[in-house]
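Participant: From first to last, the protein sequence lines are chains A and B.
So that you can map any letter, position 259 of the first sequence is 258 in numbering that gives the first Met the number 0, and since no number is skipped, the others follow by simple counting.
So that you can map any letter, position 3 of the second sequence is 2 in numbering that gives the first Met the number 0, and since no number is skipped, the others follow by simple counting.
Quick caveat, the hints were computed from the structure, so don't treat them as lab data.
Misleading hints may appear alongside valid ones.
Below, in silico cross-link-like pairs of lysine to aspartate or glutamate (EDC-like), each with a Cα-Cα straight-line distance of 20 Å or less [stated by the list, open to error]:
| id | chain 1 | residue 1 | chain 2 | residue 2 |
| --- | --- | --- | --- | --- |
| 1 | A | Lys133 | B | Asp40 |
| 2 | A | Lys295 | A | Asp195 |
| 3 | A | Lys295 | A | Asp198 |
| 4 | A | Lys15 | A | Asp56 |
| 5 | A | Lys133 | A | Asp89 |
| 6 | A | Lys133 | B | Glu39 |
Computed list of chain A residues with no C-beta within reach of chain B, every gap over 12 Å [what the hints assert, rightly or not]:
| id | residue |
| --- | --- |
| 7 | Gln199 |
| 8 | His209 |
| 9 | Val286 |
Just so it is clear, CB atoms sit at the ideal spot from N, CA and C, and this is done for glycine as well.
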Amino acid sequence: MTNAIEASGLVKRFGKTTALDGVDLVARTGTVLGVLGPNGAGKTTAVRILATLLQPDGGQARVCGYDVVRQAHQVRESIGLTGQYASVDDGLSGINNLIMIGRLLGESRASARARAGELLERFGLTDAAQRAVKTYSGGMRRRLDLAASLVGHPRVLYLDEPTTGLDPRSRTDVWGMIRGLVADGVTVLLTTQYLDEADQLANDITVIDHGRVIAAGTPDQLKNATGGQVLEVSPADPAHRDRVFAVLAARTGATPATETETGMVRVPVADPVVLPVIIRDLDAAGVVLAEFSLRKASLDEVFFALTGTRAPDDPTQTRELERSAR
Amino acid sequence: MTTATLPAPARPRRLAPVTGLRNTFTLTWRSVLKIRTNMEDLVGLSLQPIMFLLLFTYVFGGAISGSTHAYLQLALPGLLVMTVVFATMGTGLMLNQDITGGVFDRFRSLPIARWAPLAGAVLGDMVRYLISVAVTLGFGMILGFRVSTGVLPALAATALLLTFALAMCWVSALIGMLVKSPQGVQMYGFLAMFPLVFGSNLLVPSGTMPGWLQAFVRVNPMTYLTSAERGLLTGGGVATPAIRALLWALGIFVVFAPLAVRAYRRRT
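All chains, please: the whole structure from these sequences, using the hints.
Facilitator: This is the structure we're talking about:
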């Protein structure tokens, strides 16, 4: 099987609100699919459908070849779910959380306990095994959450904003664990509000906005498709910024952005052929350059170009939507 | 601890009923474990009955029955009923926390029986009810309450209380499913339980109440349950109130369990 997740035309409505309006998602087996999108874009709804927690109003989805509606049980046997809403039990100790899931999956007491110990060790939680989860730090909780979703050896793992609210060190830890899982052959669907996270981890990225897919491809493809490259120019004399602005605007046909702090002027460049012309024009205008660089657009700029917003996603919103629709 | 990877267990394609039962027992184990680790819950379960006993016995006793000892004989069966009924509110509260906290979403992403989390929570709560009955009866006896009937009737009294609680907890479960926050569960729970508990013969004889209230007391299931408990613990007629209390329990179960299950399916 080449695709672990195949969803086409997913539609989901909550009352009058259309959360998903025909979404296609494909995750190749053994890779990471990053799902990006601003507030209320529908990412969380899509994950909940793929995890059998919600039924779609239209379209279909298969996970590991099983239909998420008609073969929900087989899908549940194949997946692990981690994130903002699939949580661990605060009132139990770390090890009992994992033993409980092992027992629910039909393992014997002894093998559930062994698996729990193994996962706690792998996630650096052995010392905290007997403590109630409510005493855990945010990072420890997230690691236990990840461990809990791995008890059943899932082939597909959904990670819903796995590093939101974590300090940089814990984030890097979680990234390392995700890379390790992918190396073991697990397929990961990752939603995130951090573009660098998607850039770091994802093999493919799907950008969702207003319940529709507005872009899909590899990080490089997305960067090339929108704006391609970015030219950054800083004059040695900050007073010359207006002249730089005028030249860049005239030669690229786009509206440059100016950074007030550094005096840098930035503009997307579709065709590098204009660069020599720009340099000649700047020279003719009497501008001495401090910096002149051409680089690939960052995912952040791609995202901004596609959606016109930088707002992070709010996972609680979907649940509120679901609830208020009842 | 071993770091060797265990092979993934082979699981059946479809859920056999016995799998659902095993899931339920695992989740019952979870609920019972949570009682042990949740100190506030344990303190509430044991201190609340003690507080009720002390307050009602020594504040109301002399005024209602002439002596605190005589009142304790009258009120303790009623206090048992009150304690257990209030304890059923914990069921809705915990279900609500499990849903809003996302724990139930985790369960639903697992290949287990859909009804197991609900059944496990209810079964686990039976242990909580048993604790509150034991504390109330034990502390009541320390204060001077005497079971004048015998061990078997006392056991029957406990069984009757638990049976009734098993029905009442579905009312609580329904509230837990319908209300948004745990605080809301507490408020609506008290709104539903208080009139039932106090509009009865639970703490006082109903003779001095106005007629309309006596009419309510006469149909209130708490009245039958309390009368049956009095009969089983301190003597008197048992059969009629016990049968009526059981019929009420059956009625409550038949109405509220399906409603709660339906709300659970919609909510999760």
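Participant: Take the hints in turn and mark each one as holding or not.
Facilitator: Status of each hint after checking the structure:
1. Taking the CA atoms of Lys133 of chain A and Asp40 of chain B, the gap is near 15 Å; set against the 20 Å cutoff, the hint holds.
2. The hinted pair formed by Lys295 of chain A and Asp195 of chain A meets the criterion: a straight-line CA distance of about 14 Å does not exceed 20 Å.
3. A hinted pair counts as satisfied when its Cα atoms are at most 20 Å apart, and Lys295 of chain A with Asp198 of chain A qualifies at roughly 13 Å.
4. Between Lys15 of chain A and Asp56 of chain A the CA atoms are separated by roughly 13 Å; this keeps the pair inside 20 Å, and the hint holds.
5. For a cut-off of 20 Å, the pair hint linking Lys133 of chain A to Asp89 of chain A stands: about 5 Å separates their Cα positions.
6. At roughly 13 Å between alpha-carbon atoms, Lys133 of chain A and Glu39 of chain B fall within 20 Å of each other, so this suggested pair holds.
7. For Gln199 of chain A, the non-interface assignment is confirmed: its Cβ lies about 26 Å from the closest Cβ of chain B, beyond the 12 Å cut-off.
8. Even its closest Cβ contact with chain B, about 25 Å, leaves His209 of chain A beyond 12 Å, as expected for a residue assigned away from the interface.
9. For Val286 of chain A, the requirement that its beta carbon stay farther than 12 Å from each beta carbon of chain B is met, with the minimum near 57 Å.
Checked against the numbered hints above, the structure breaks none of them.
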